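Listed below are the residues making up each chain.
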Amino acid sequence: MFAFTMRRLAVAIPTILLLIVISFILMFAAPGGPFNAERPLPPAVLANIEAKYGLDQPYWKQITDYIYNIVVHFDFGPSFKYRDRSVSDIIAQGFPVTLKYGFWAFVVAVISGVSLGIAAAVKHNSWLDYLAVGISIGAQSLPNFVMAPLLVIVFTLWLGWLPGGGWNGGQWQYVVLPVIALSTSYMASIARITRSSMLEVLNAGYIRTARAKGLPTSRIIFRHALKPALLPVLSYIGPAFVLMITGSVLVDVYFSTGGIGYYFVNAAFNRDYSVMMGITILMGVLTILFNLIVDLLYAWIDPKIRY
Amino acid sequence: MLATGCNTADDILNAAHRSEVKGRSLWRDAMGRFARNRAAVISLFVLGLILIFAFFGQFLSSHDPAFVDFMLRGNIKELGGPSIENGHYFGLEKEGRDLYQRTVQGIRVSIMIGVIGSLVSVVVGTLYGAIAGYFGGRVDSIMMRIVDILMAIPFMFVIILLLVIFGRSVFMLFVGIGLISWLNMARIARGQTLTIKNKEFVEAAIASGVKPFTIIVRHIVPNLAGVVIVYATLLIPELIIIESFISFLGLGIQEPMTSLGALINDGASQLNRGTPWMIAFPLFFFLATLYAFFFVGDGLRDALDPKDR
Chain A
1 MFAFTMRRLA
11 VAIPTILLLI
21 VISFILMFAA
31 PGGPFNAERP
41 LPPAVLANIE
51 AKYGLDQPYW
61 KQITDYIYNI
71 VVHFDFGPSF
81 KYRDRSVSDI
91 IAQGFPVTLK
101 YGFWAFVVAV
111 ISGVSLGIAA
121 AVKHNSWLDY
131 LAVGISIGAQ
141 SLPNFVMAPL
151 LVIVFTLWLG
161 WLPGGGWNGG
171 QWQYVVLPVI
181 ALSTSYMASI
191 ARITRSSMLE
201 VLNAGYIRTA
211 RAKGLPTSRI
221 IFRHALKPAL
231 LPVLSYIGPA
241 FVLMITGSVL
251 VDVYFSTGGI
261 GYYFVNAAFN
271 RDYSVMMGIT
281 ILMGVLTILF
291 NLIVDLLYAW
301 IDPKIRY
Chain B
1 MLATGCNTAD
11 DILNAAHRSE
21 VKGRSLWRDA
31 MGRFARNRAA
41 VISLFVLGLI
51 LIFAFFGQFL
61 SSHDPAFVDF
71 MLRGNIKELG
81 GPSIENGHYF
91 GLEKEGRDLY
101 QRTVQGIRVS
111 IMIGVIGSLV
121 SVVVGTLYGA
131 IAGYFGGRVD
141 SIMMRIVDIL
151 MAIPFMFVII
161 LLLVIFGRSV
171 FMLFVGIGLI
181 SWLNMARIAR
191 GQTLTIKNKE
201 FVEAAIASGV
211 KPFTIIVRHI
221 VPNLAGVVIV
231 YATLLIPELI
241 IIESFISFLG
251 LGIQEPMTSL
261 GALINDGASQ
271 LNRGTPWMIA
281 FPLFFFLATL
291 YAFFFVGDGL
301 RDALDPKDR
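Protein chains in written order, with full-length UniProt numbering: chain A, 1 to 307; chain B, 1 to 309.
I should point out that these hints are in silico values taken from the structure, not numbers from a laboratory. Values in this document were obtained by computation on a predicted structure and should not be read as measured data. Just so it is clear, CB atoms sit at the ideal spot from N, CA and C, and this is done for glycine as well.
Covered, in the sense of this in silico footprint (three residues per stretch, anywhere, with C-beta under 8 Å from a C-beta of chain B), are these stretches of chain A:
1) 5-17
2) 135-145
3) 152-161
4) 258-271
5) 282-292
Pulled out of the complex, with its shape left as it was, chain A reads as follows (with noise of 0.2 Å):
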């Protein structure tokens, strides 16, 4: 186990740092700085300028500067086009907005999902089961550009339920749809998995056994069958929670949330490289992190999984 985490943590770091290398290079690479506006500056006032953010360093030191700054102060520099507000501001307040829609998505997909499947399961072949994997194959495929609009479409210009974005302080009217158009792709892969898992363990011999038994069906499924077959279902969701945390930039630019997707694009359109870079930082290490804690977590769970 010790010996396991310390050869994820090998990979881990270096892969952090080179992102943090190549989102640098690619920053220089940039034509044009960021102080280059149509009436170019006074060749001293750039100068001073540029020593204020640190550009007049050497490359390696600027890199060595930004690191320690993460690493130390969670500091990822200044907004290249907000004076008064920094990258960690900006981070500050888009991450908590992204983490509470994601994190509802979430459980609502893992849910729906395991429901959706075990039903599916249990009544196999019947039409609740064609019609559990026919909304599984279609949602699976329907990317979540898609299903933002047409959920906009039904839920907003034709029902005018709910509002087609915003977010007021995170309001459960303004989160409902957010939160449905991320959730229905996961949704779609959690029943198929917990379908299919299912199946093969309602076949077992222990069930079979259990049925002869003369155990009430509900029993069987909940105490015996149910947590042999989500052991697939959650290794799914565990790199599922990391995509849908950071996989929501067009949930945030679509409902205009105000999530960190939304800063991203923002800058994107403004070429406000510190924030992209900030931004792109934050998501990689967070990926990598909850994939490392989750696939801990199996090895914990699991025993039998060896690695």
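Assemble chain B onto chain A, guided by the hints.
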């Protein structure tokens, strides 16, 4: 009853006789399995129609994709709907251009990006994976560790970073998509190579003094073909989704070029103006293309992937 029994016995004899005359190759077998999969065959047919439409559809309309119809532009909601009479079969898009021509162009661009990205992954990924798998040992672990590291990078963000820094062009989009697309292929190719390299024919090649690189290209890569074709087909819709996603955010393909994602975005932004056709047509073709590719890929997997046999 008896008659049918005789028939079957005859059939078996016949079949045995025929199989003596000419053996059924792996590919014939696979083709037979594919042909029996109704969803896959229908999807292949649909895909063919979409491809013909994407590459020849522009000749059916006399409008230019970049031409703005100022006669109708002022009142797109009332006058810009789909109509046969004025030749705007799909109506106008938000700037007053012909949506039919734009959709044809969008399908073409999206499919091309998917196919080219997938080809890159086939060439790079297969070779990379085959080399790593064939040499094994330290070479293998270093090469696959590099793949692991690259896979952990949040690529959607890096592609957007690339596009912003080097300017939004189709070329940069190819570079960005090419960077990620080969990673999975490399893993799959490596896994297959590990089993192939212990087969007798590879041993025979080694024994007769063939150089390692020649063995990889001449003996290993052709045997990867089945698996590679399956995953290359399944990769195309994924890449189309990635490209469309970036274009949907407004960061991908630039005007006057367009792609399905950009068109869906345009349509979605006009949703509350009462012009549903603007999103309906691109969305329809987008989903049709995606599902067609998915089902064809699934059918190919059932037909070719030796794991499920």
